[in-house]
Amino acid sequence: MTAKAIPLPQSQVEEEEDPRQHLLFDPRPREELNSMVLEAMHSTPISFWIAVIILTLLVIICLFGAWGYMAVVGMGTAGIRRPTFWGMFIANFVFWIGISHSGTFVSAILRVFKAEFRRPFTRAAELMTAFGLAAGAMYPLIHLGRVWVSYWIFPYPNNRWLWPNFHSPLVWDMVAITTYLLGSTMYLYLPLIPDLAMARDRSKGWRYSLYRIMSLGWRGTEEEWVRLRTAIRIFAFAIIPVMFSVHTIVSWDFAVTMAPGWHSTIFGPFFIAGAIYSGVAAVIMIMFLIRSTMLNMKYFMREEHFDALGKLVLVFSFTWTYFYFSEYMLGWYGGDAADKALWQAITHGPFAWLWYLMLICNILIPWLTLWNKKIRRTPWVMFIICLLINVGMYTERYLIVPSMIARNRFPFDWDSYLPRIELVISLGSLSLFMLLYLLASRLIPLIPVWEVQEGQFAHTLRKVGKTHVPSVSETE
Amino acid sequence: MREGNNVHLALFKDVDPASEALDKLREFGIAEDDMTIISGVPFSEKVLGRPILTTNIPKFSIAGFMLGLLAALAINGIAVLQYPIRVGGMANFALPSFFIVAFEMSMLGCLIFTFLAVIWECAFPSYGPKMYRPEISDGRVAIVFNCPPEIHTQVHDALATLGAEWVHRTEATKI
Amino acid sequence: MNETPKWGMVIDLDRCNGCTVCVTACSLENNVPYVGEGDAGYGRSMQWIRVERYWEGEYPNVVARFRPIMCQQCGAAPCEPVCPVFATAHSEAEQVNLQVYNRCIGTRFCANNCPYIARTFNWFDYSPGMPLPLNSQFNPDVTVRFRGVMEKCTFCIQRIRRVEEEAKAEGREMLDGDVQPACAQSCPSDAIVFGLLSDPNSQVSHLTRNARAQALLLEELGTQPRVIYLASERGSKR
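Taken in sequence, the protein lines are chains A, B and C.
Mapped onto my numbering, the consecutive letters of the first sequence carry residue numbers 484 to 959.
Mapped onto my numbering, the consecutive letters of the second sequence carry residue numbers 39 to 213.
Mapped onto my numbering, the consecutive letters of the third sequence carry residue numbers 1160 to 1397.
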């Protein structure tokens, strides 16, 4: 069943309204889709290899090298001190867990709400989740003073009869992030199986062996599809509460303490809103990079996707602003002396430029630009806007983690925070994320072709009155 | 599908002729159990005109959820009360923190068991020879059916008339 | 002694003159490392007790107020539930807050949750890196800590234990004044008094029945600290 492309009368065609510009109304034969995706996957120009080599060196030196140095010499090589016992490492941790909410949002929430525009980039977003979690989950280990005994946080029988402390939010973190990591990986893998089978059918050599093993012998019989779709549907519904709970638990690392500024009941929803905000912005960034650096991707990821995600980013910008304003308002208006001193320090202290940077990046720029359709449909502009949004969101985490604990209840013990080796290790973990993503983009098909084709089957143009309207059918 | 000695595979370009072909095969007396559809995109049973398939995966999910809950009770309930250490004036077994751990572990159990249920029900991984053609992942819809040898020429002709690109008796091949 | 002994401390802010002998004595008794000028300037000094100084008044009537503050050994300690490995737990026997050095994995969560900022962290291998024979200064009763572990005032629990054991060996009860943590022992103006709050006849119990205004630090947080501060007669509650 192919969509019949009915020529529209010229007088009724507007440039932006032509539905054939949309991916799901522009079907191509499946062979062509397959070969486009596989061609992109196989192409490894010299720039790719240069990037891989540079990133690998950065990972080895900046992540593992600097981390090893810090573990051997001591945490003093980082910039943390009394009273800011947590600094950039924990801010990075929250940031990466936030980025990892992007994939679940796109592939689970948008799937549940039947937002069809999600189809081409679910896998790209899910890869961001998996690798964002990989990068982020290293930080609870990196910031430990004695990382070599970190396994004591796991519940295992031992001769000292000691058990981890389940009252501690860090143990909840361990459980939650394990759940989310395993869940996301399985949720990435399940819809990948038919695409791996497609790649298997069209590969030779080591790729053929790899895809043959990874596709588990998938053929596409009715029974296999029914089971896969049931499982994907269950995953989509089940992983949404997991996603909400994971970032809530991460926020409770701060909210359950007595520290002024941290002890806020709104941290749960606030962090989730911030996570989805920065995550969706990161998806837009990744989409732009994929389109610019990989072959044929401009067919799959189009301006309409930037448009749709851009609207979501704007909505989440409103949500985040609402929560953050509550935080500020309540501290400024009715907070005790410590709260007031804290907000005074953040907004007028020596690091007030971070506060203004955050407001500009998170509020001013999105609110001034994202209402405009032309801007939303220009990928490189969206990339810059979303990069600034992520800078702003990182600044927000930085302001929460070390800056708030710098102002406690005893003015004699106030101090501030300046990062040292944290900068190097942060660069290393960012390089790890990019390296894993680069390698994955050449090892697995980045576009879920079967989902795109499924969507194209369901979208037709229907004649209603004098015009043809796009119509989506429920073929499930 | 019960695979016998006379297994044939017919390739169609699209799902419309394929579902018509299923009716044709039923006219020839081939039972529902003797045919199956293989495709690169999922089609619902209603689209294909096939009996509704059931799966036990939701039961596995619920079982996984329960097991996760039991595991949480074990490590956060029983173990904590066996070797109690007093912290912060809180009770040893604190319900609020138990809810958090129980929720996460139950969801993990549910997700893991859903995943394993798919693998189990589809009998994955299976790398032996199977009825398959690589064109299927290029968008073709294949019908694999058992056909008694006496009518197979008529069946092949009928299917070719309906638009089959390729109809042959096939052996299972390595995929 | 009618119940489990509850050790406590009374600090008389009127007598404290900010000499910081308590800081020195504590550091020597408990093997608290000296971190060097650079790290001390960066806020990494590891003293378990600190003397906070607040200025009051306008020039020329400026007055300095001193407040020695250490781990308050809270009854409902906020640092305890947040440690993921139970490295800080509540002692049922002495009613103080324990820090278990060889269990600590260095998450520093306890330090963030302590409202008194009483905890310090071993940022480097200060003590193991000390050149010989400076290690002779270490008190053999107290562990020398490795890098990556938290530490804090323990009410000189090694002295409490020693007196308890001696008393048991001699078959007698502990007398008030037998146990003197290093800070109380060294204070030249007797500003720090230590003893059993659970013994109504001890000197600390007498002082808490004193008519002078007294306060628990950050009492409204509900941490139930074991250190009682007697207000300075000159009117400041600090």
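Keep in mind that the hints are not guaranteed to be accurate.
[Unchecked claim] Some residues of chain C that are not near chain A, with every Cβ distance over 12 Å (derived): (1) Glu1188; (2) Thr1266; (3) Thr1302; (4) Thr1382.
[As the list claims (entries may be wrong)] Only pairs whose alpha carbons sit at most 25 Å apart, straight line, appear in this in silico SDA-like list of lysine to any residue: (5) A/Lys597 <-> A/Ile715; (6) C/Lys1327 <-> C/Asn1369; (7) B/Lys97 <-> A/Leu673; (8) A/Lys794 <-> A/Trp815; (9) A/Lys794 <-> A/Ile536; (10) B/Lys168 <-> A/Ile927; (11) A/Lys856 <-> A/Leu871; (12) A/Lys597 <-> B/Glu83; (13) A/Lys794 <-> A/Val709; (14) B/Lys97 <-> A/Tyr691; (15) B/Lys84 <-> A/Val955; (16) B/Lys212 <-> A/Lys794; (17) B/Lys97 <-> A/Leu665; (18) B/Lys51 <-> B/Ile150; (19) A/Lys487 <-> B/Lys97; (20) B/Lys97 <-> A/Leu847; (21) B/Lys51 <-> A/Leu665; (22) B/Lys84 <-> A/Ser809; (23) A/Lys487 <-> B/Lys212; (24) B/Lys51 <-> A/Pro724.
Rather than coming from a laboratory, the hints here were simulated on the basis of the structure.
Even for Gly, the Cβ is constructed at its ideal location relative to N, Cα and C.
query: Taking 25 Å as the top limit, are the C-alpha atoms of lysine 597 of chain A and isoleucine 715 of chain A close enough?
result: holds, 14 Å
message: For a C-alpha distance cap of 25 Å, please report whether lysine 212 of chain B and lysine 794 of chain A respect it.
response: Not OK: lysine 212 of chain B and lysine 794 of chain A at ~48 Å, beyond 25 Å, violated.
task: Sort out whether valine 709 of chain A lies within 25 Å of lysine 794 of chain A, counting only the CA atoms.
output: violated, 34 Å
- request: Could you check that no beta carbon of chain A comes within 12 Å of the beta carbon of threonine 1382 of chain C?
  value: The assertion about threonine 1382 of chain C is violated, with a minimum of 8 Å to chain A.
- prompt: Given the hinted pair lysine 856 of chain A and leucine 871 of chain A, is their alpha-carbon gap at most 25 Å?
  reply: Judged against 25 Å, a Cα distance of about 19 Å means the pair holds.
message: Check the hint pairing lysine 487 of chain A with lysine 212 of chain B against an upper bound of 25 Å on the C-alpha distance.
response: Judged against 25 Å, a Cα distance of about 37 Å means the pair is violated.
query: Minimum Cβ separation between threonine 1266 of chain C and chain A greater than 12 Å?
result: violated, 6 Å
message: Hint check: lysine 1327 of chain C vs asparagine 1369 of chain C, CA-CA at most 25 Å. Holds or violated?
response: Roughly 32 Å separates the two Cα atoms, so the pair is violated.
message: lysine 597 of chain A and glutamate 83 of chain B were given as a pair; does the straight-line alpha-carbon distance stay at or below 25 Å?
response: Between lysine 597 of chain A and glutamate 83 of chain B the Cα gap is close to 20 Å, so the pair holds against 25 Å.
query: Taking only the CA atoms, is the gap from lysine 51 of chain B to isoleucine 150 of chain B under or equal to 25 Å?
result: Given pair lysine 51 of chain B, isoleucine 150 of chain B is violated - Cα atoms ~37 Å apart, limit 25 Å.
field: Restraint status (C-alpha distance of lysine 51 of chain B to leucine 665 of chain A at most 25 Å)
entry: violated, 38 Å
query: So is threonine 1302 of chain C really clear of chain A, every C-beta pair being over 12 Å apart?
result: Non-interface label stands for threonine 1302 of chain C: nearest chain A Cβ at 14 Å, farther than 12 Å.
Against the hints set out earlier in the document, violations occur for numbers 2, 4, 6, 8, 9, 13, 14, 16, 18, 19, 20, 21, 22, 23, 24.
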